[in-house]
Amino acid sequence: MNSVNESAKEARARVGFDQVTVVIGMEVHVQLATQSKLFCSCSTQFGAPPNTQTCEVCTGMPGSLPVINNQALQLAIKTGLALNCEIARSTKWDRKNYFYPDLPKGYQISQFDKPICGKGYLDIADANGAFEPRRVRLERAHLEEDAGKSIHDESSRGGNSKIDLNRTGTPLLEIVTKPDMRSAAEARAFLTELKLILVYIGVSDCNMQQGSLRCDGNINLHIEFGGQTIATPIVEIKNLNSFRAAERSLTYEARRQFDLWQQCGLTIDDSPKQTRGWNDAQQVTTMQREKEESADYRYFPDPDLIAVSTSEEEIAAIEEQIDRLPAIWREHLSEVYNLKPYDADVIVSQGRGLVDYFREVADQCGDSRIASNWIGQEVLRYLNESGLEIDRYPVAPRQMAELLKRVVSNQLEQTRAKEVLNEMVASQLSVAAAIEKLGIKAVDHDELKSICQQLIDEHPEVAKQIQDGNIKAVGRLVGKARKLNPNANPGLVKDMILKFLGI
Amino acid sequence: MSEFIDRAVVEQVARLARIHLSEQQLDASSKQLGEILNYVGQLERVTLPDDVEPFFGAIESVNAIRADEVNSSVDRDSILSNAPDSDGEFYSVPPVF
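Top line first, the protein sequences correspond to chains A and B.
Going by the working numbering, the residue at position 346 of the first sequence is 346; the numbering climbs one at a time, nothing skipped.
Plus 1000 on top of the position in the second sequence (first one is 1) and you've got the working numbering.
Isolated chain A (complex conformation):
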């Protein structure tokens, strides 16, 4: 054993994980919401029978020529504007050459040195303050075509692979960040906010199950050691198919790199970038087999396509289509509706539909806190359980506002109001009709008095406890009041009993 190495290893072992800065950059592929493919008029509809949505262009037949889809350009520029990117006035297409069975042309049409969107940024924050707000800078966002889908024989008997080229040529926007994130939680927050923005501006459905949003994470560590900063080798984790997988794999990978560095001391100078995959079942990252010389893509300008130039007027017209972004809505709900940041985020992160629903209810019922509570709890519970979006919620904003007005004015107490809401959801009745169906009537003062008196008479032992100072015992009588008359308002019953007992 070399004593110099041994002492270096011992020194590394004394470094704590708190002396480590985690450095993360993300690459996100987003499928743009076009009807047809990027360079041909085949449909992009998901789920069609295999190889029924292909043609000479997307399968790369000799003599066929690609023509760029205008809508893909528009959606890419719209995304760039929403992400504060520089928009290229002139953009071009390049061939990225590699061989794989799901890439029929032997190259992917992409953008190398003139991406449609240049540098930009996205601000992230955590509503609960789990990390400091951060600006994640974007390196670029470029258009490219998707490859096909390979289905490999999993039986390990070495059977043939099956290829479906329906997806080949589908427009993707690849968004690349600078290595600006400092934890897996920040990476997840970035992905969440990015997805929210993309859905708000309508450029993608971001359906991860259908592959409309895919991400890769690049990660390494900067470690303070021996008076200098040491960087560990960069690892790219490929094909993270959920935000949870992204967060967990990056958390795992940071720790793995730290342990490995403590063991071997390898730095970025000792090892090229490595590709790993996330094994969700075992919750570990694993080494992936490298394609031989895969880095040599021999990009060159695609001679089949000509440059695209975009005028100031076109960019301005696209910018006008962008409505308020999530961050602006959060601010609006906090400032205009006086919601706490967390409550504003709950509504905004559900999408634009719920923001509009909330504003309508809050404006009409006149109490934004109550509107936020009821929407954040009752409405969201229903939507989560049913899997529906807010536009399919059975209670219209006007009806919800009517209900909440009665809560605000104390005509209905909370528990009964929830019963009314459940009835409105179940039988699609108006507030008034639901109240009538449930037989809810206001209990008049005299009846309330006689109920309270009856309870005191029938339960002298409880009355005595209350008079002896155990005020909480009144709850038992309030509960019994509901059995005598379900319309009795618990708050009023409580006050009246205490008054009768002289408290």
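Hints are not guaranteed to be accurate.
Unchecked claim - Here are a few chain A residues that sit away from chain B, every Cβ distance over 10 Å (derived from the structure):
#, residue
1, 139
2, 327
3, 390
What the hints assert, rightly or not - One side only, chain B facing chain A, incomplete, derived with CB under 10 Å:
#, residue
4, 1047
5, 1066
6, 1089
No lab work stands behind these hints, which were simulated from the structure alone.
Only a predicted model underlies this, so the values are computations on that prediction, with no experimental measurement involved.
Yeah, the Cβ is synthetic: ideal placement off N, Cα and C, and Gly gets one too.
We have chain A; now place chain B onto it with these hints.
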């Protein structure tokens, strides 16, 4: 400038293109590719003013674009008839891994 390009470069390009070249072909390609590069290399001797933008294609026009409209795709049987092997639904290729 040499008329030949380095054989190692030719071998590398052949490997990336997944083609096998015999010794004889390697020699010939080394000479022919060298001649082509030398011919095109004449352009490097032209002095250009500083404000000239790079030129990416032989066609000067820009913006040949199409509307986002779906037209019918090619019938699956016809498209798969070009494949070396298929099961009628998928292309069938030797296992990748």
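Inset, instruction - Take a quick look at residue 390 of chain A and tell me if its Cβ sits farther than 10 Å from every Cβ on chain B, holds or violated. - result: Correct as stated: the minimum Cβ-Cβ distance to chain B is 28 Å, above 10 Å.
Legend entry - residue 327 of chain A remote from chain B - nearest C-beta pair above 10 Å: holds, 29 Å
Inset, instruction - Take a quick look at residue 139 of chain A and tell me if its Cβ sits farther than 10 Å from every Cβ on chain B, holds or violated. - result: Since the minimum Cβ distance to chain B is about 21 Å, residue 139 of chain A lies beyond 10 Å and the statement holds.
Legend entry - Cut-off 10 Å, beta-carbon criterion: hint that residue 1047 of chain B touches chain A: At 23 Å from the nearest chain A Cβ, residue 1047 of chain B fails the 10 Å test, so the hint is violated.
Legend entry - Restraint check, 10 Å cut-off on beta carbons, for residue 1089 of chain B near chain A: holds, 5 Å
Legend entry - Supplied contact hint for residue 1066 of chain B, tested at 10 Å Cβ to chain A: holds, 5 Å
The structure fails hint 4 only (numbered hints given earlier).
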